[in-house]
Amino acid sequence: MPRVQAETLRRIGHQLFEAAGCDAADARVVTHHLVESNLFGHDSHGVIRYPEYMDAIRKGRFQAKAEPRVVRDHPSCAVVDAAGALGQVGAAFATRLAMDKASQHGVAAVSLRNTSHVGRVGAYPLMVARGGMIGQAFVNGGRFGNQISPFGGIDARLTTDPLAFAAPRRGTEPIFLDMTTSVAAEGKVRVASYAGKRVPEGWLIDHQGRSTTDPDSFRTEPGGAILPLGGIASHKGYGMSLMVELLAGTLSGQGCCVGESEMVSNGMLLVVHRIDHFIDPEDYYQEVEALIRYVRSSPPAPGFKEILLPGEPELRSARRREENGIDIDDKTWSLIGADMDRLGLPLPAAG
Amino acid sequence: MPRFSPKALREIGYRLFQAAGCRPEDAQAVVDHLVESSLFGHDSHGAIRFYEYAQGIRDGRFNPGARPRIVHERPSSAVVDGGGALGQVGAAFAAGLAMDKARIHGVATVTLRNTSHIGRVGAYPLMAARAGFMAQLFANAGHLGAQVIPFGGREGRLSTNPMAFAAPRRGHEPLLLDMTTSVVAEGKVRVAINRGESIPEGWAVDSQGKSTTDPRRVKSDPPGALLPLGGVVAHKGYGLSMMVEVMGGAMGGEGCAAGAPKFVSNGVLLTVYHIEHFTDLETYYDELDAMIAHIRTSRLAPGFEEILLPGEPEFRTARKREKEGIEVDDETWGQIRRQMEHFGVRG
Numbered sequence: 001m002p003r004v005q006a007e008t009l010r011r012i013g014h015q016l017f018e019a020a021g022c023d024a025a026d027a028r029v030v031t032h033h034l035v036e037s038n039l040f041g042h043d044s045h046g047v048i049r050y051p052e053y054m055d056a057i058r059k060g061r062f063q064a065k066a067e068p069r070v071v072r073d074h075p076s077c078a079v080v081d082a083a084g085a086l087g088q089v090g091a092a093f094a095t096r097l098a099m100d101k102a103s104q105h106g107v108a109a110v111s112l113r114n115t116s117h118v119g120r121v122g123a124y125p126l127m128v129a130r131g132g133m134i135g136q137a138f139v140n141g142g143r144f145g146n147q148i149s150p151f152g153g154i155d156a157r158l159t160t161d162p163l164a165f166a167a168p169r170r171g172t173e174p175i176f177l178d179m180t181t182s183v184a185a186e187g188k189v190r191v192a193s194y195a196g197k198r199v200p201e202g203w204l205i206d207h208q209g210r211s212t213t214d215p216d217s218f219r220t221e222p223g224g225a226i227l228p229l230g231g232i233a234s235h236k237g238y239g240m241s242l243m244v245e246l247l248a249g250t251l252s253g254q255g256c257c258v259g260e261s262e263m264v265s266n267g268m269l270l271v272v273h274r275i276d277h278f279i280d281p282e283d284y285y286q287e288v289e290a291l292i293r294y295v296r297s298s299p300p301a302p303g304f305k306e307i308l309l310p311g312e313p314e315l316r317s318a319r320r321r322e323e324n325g326i327d328i329d330d331k332t333w334s335l336i337g338a339d340m341d342r343l344g345l346p347l348p349a350a351g
Numbered sequence: 001m002p003r004f005s006p007k008a009l010r011e012i013g014y015r016l017f018q019a020a021g022c023r024p025e026d027a028q029a030v031v032d033h034l035v036e037s038s039l040f041g042h043d044s045h046g047a048i049r050f051y052e053y054a055q056g057i058r059d060g061r062f063n064p065g066a067r068p069r070i071v072h073e074r075p076s077s078a079v080v081d082g083g084g085a086l087g088q089v090g091a092a093f094a095a096g097l098a099m100d101k102a103r104i105h106g107v108a109t110v111t112l113r114n115t116s117h118i119g120r121v122g123a124y125p126l127m128a129a130r131a132g133f134m135a136q137l138f139a140n141a142g143h144l145g146a147q148v149i150p151f152g153g154r155e156g157r158l159s160t161n162p163m164a165f166a167a168p169r170r171g172h173e174p175l176l177l178d179m180t181t182s183v184v185a186e187g188k189v190r191v192a193i194n195r196g197e198s199i200p201e202g203w204a205v206d207s208q209g210k211s212t213t214d215p216r217r218v219k220s221d222p223p224g225a226l227l228p229l230g231g232v233v234a235h236k237g238y239g240l241s242m243m244v245e246v247m248g249g250a251m252g253g254e255g256c257a258a259g260a261p262k263f264v265s266n267g268v269l270l271t272v273y274h275i276e277h278f279t280d281l282e283t284y285y286d287e288l289d290a291m292i293a294h295i296r297t298s299r300l301a302p303g304f305e306e307i308l309l310p311g312e313p314e315f316r317t318a319r320k321r322e323k324e325g326i327e328v329d330d331e332t333w334g335q336i337r338r339q340m341e342h343f344g345v346r347g
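Those protein sequence lines, which keep their order, are chains A and B.
Oh and the first sequence: position 204 is 204 in the numbering used here, straight run, nothing missing.
Oh and the second sequence: position 271 is 271 in the numbering used here, straight run, nothing missing.
Misleading hints may appear alongside valid ones.
What the hints assert, rightly or not - In silico lysine-lysine, DSS-like type, Cα no more than 30 Å apart, as pairs:
no.: 1; chain 1: A; residue 1: Lys305; chain 2: B; residue 2: Lys219
no.: 2; chain 1: B; residue 1: Lys219; chain 2: B; residue 2: Lys320
no.: 3; chain 1: B; residue 1: Lys7; chain 2: B; residue 2: Lys188
no.: 4; chain 1: A; residue 1: Lys188; chain 2: A; residue 2: Lys331
no.: 5; chain 1: B; residue 1: Lys188; chain 2: B; residue 2: Lys219
no.: 6; chain 1: B; residue 1: Lys323; chain 2: A; residue 2: Lys305
Calculated from the structure, these hints are not laboratory results.
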């Protein structure tokens, strides 16, 4: 399995997506997003997607040259139609727009549709927090959805409906939360299935509604369902899932989950708050740092060495992988090589 | 055990709080909130609080004459100081202000501090949804915070840090989510202690960080703590709790959990969305109805008779209690009577 430096992966991505017709800025947005997923340890959302996205561009599912367009515009809110652009291009556009509006008006909400798949939802609040503001994102799958059971039901009727949040800290990386409102992301069940492994108790039910640890009883027809977040309080995960459907699906115009079998595009809502329109930033940073010190003063639970903040495992993984390189599985590496070859580009050596 | 119609209970409350020095509109904000809690079946947050709040006014914990004050204001945002008024007065004021702003600008956020305890946090998004908006609220407990463990820790460091959301429906009560980011609210542990019952596995740990089903071990000295929401993925509940701390506490201006021994006030952040700035109202309702119809086609899990929406259990209880009346236990009624006598209100 080749180990490749993050910078090399970015360079490959720029070349691929520019050659596929993206302008340089868009190629950069997509590539940085995917490589950051690898850096964070979320390989299933990383450069494994290069060949998949290239294929989608060739087949016309993603529009490399599409330009996101503001279809409704008010001082502190807007609706963006990404016109079928790559998901990250639309979402980064909407995020920048929300940041511009919030820096003028203190709060802004921008919704986004027709943007295919936005990738790691946490990436956009993180952009906001790195710009010194607070970001929230809500993402649904439009009308698509048949993965998660509703509370009280046993058939899959919702999607993983993720939400994300990020807030700046003084002198260090932000706090950030990036989570599905189901117990687990669908991708994790798929990974377990491919690897022939079981999933933990509490993730899945089979077609009869019985608890199971077999990922294939979810994936093979007639399928089971992933449970909403919450364990013995899973009405809360179900409630949050509906909140995400409404914020992301209705306000964007992408629509809400009705069980369509193909995902056309995510619907998204980005909400940005500018700190100093509400509170003296000194007070804000002081309170946040005091909170972190206090939370960390708890003795660790058995099996834990320390108490981490939301996002900290990812940011640590990123520091490690920036330095040591990223392991890319052979299949992905050869698919990327084939794409480079097709475009007449030399594949850089791993390492 | 006396039983009251909601109307009669409200009348008693209005007279009691006006006699205690509240303006009529403030007495109404507090009383309507508490009676709605009773209607929803949340008796621990309902009329039982009449005497506690009246006593709080006598003790100087609440200032019935205080008015919430706008500290900073911009077109789509504001910072409100509750002025030490009763919590519902500050929060209802903030919600009204956020709605006025959102109606014009599409989205608005109002923060609120120095407002003591705002009660059921779902009440304020619900106010907005009944007026046709979507709304989201975060509330922390200021510097208090020792009830919930952080993920990876074994001692309480956070409050139950609730969040709420509401959205209007066509021809029905709104969809309403009102939840703590811990597995359960702290009040449920107290109820179990009072009844001498055990609590389910997965709610709490003892002072050593070991899972316990004995509620007394949660409230012992040294105390145990509640677990963050999530079960096998409790890092998510912990993450949500930290989000509420940052939004409600750091942004709201009441400060974040720092182990203070006494509760002073909630820190609150409320965001209101005006749907028509984003989409047509009819399209919105069509999407929502189609989704609800889709969800309800699922086969039922064992023990369930139907699939309910968030908030639906509360609205059903309310319809039942509107008809049948609200029972107030003898102890509570005696306490309310004593407060009425003190303030010279005839029963």
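Q) Keeping to a limit of 30 Å between CA atoms, is the pair of Lys323/B and Lys305/A held or broken? A) violated (56 Å)
Q) Given the proposed pairing of Lys188/B with Lys219/B, does the C-alpha separation stay at or below 30 Å? A) holds (12 Å)
Q | Given pair status - Lys320/B, Lys219/B, alpha carbons within 30 Å | A | At roughly 34 Å apart (the allowed maximum being 30 Å), Lys320/B and Lys219/B break the hint.
**Q.** Holds or violated: Lys305/A to Lys219/B, with C-alpha atoms at most 30 Å apart
**A.** With a Cα-Cα distance of about 26 Å, the restraint between Lys305/A and Lys219/B holds, given a limit of 30 Å.
Q. Is it true that the CA of Lys188/A sits at most 30 Å from the CA of Lys331/A?
A. holds (19 Å)
Q. Within a Cα-Cα threshold of 30 Å, do Lys7/B and Lys188/B meet the stated pairing?
A. Satisfied, since the Cα-Cα distance of roughly 28 Å is no more than 30 Å.
Checked against the numbered hints given earlier, the structure breaks hints 2, 6 and satisfies all the rest.
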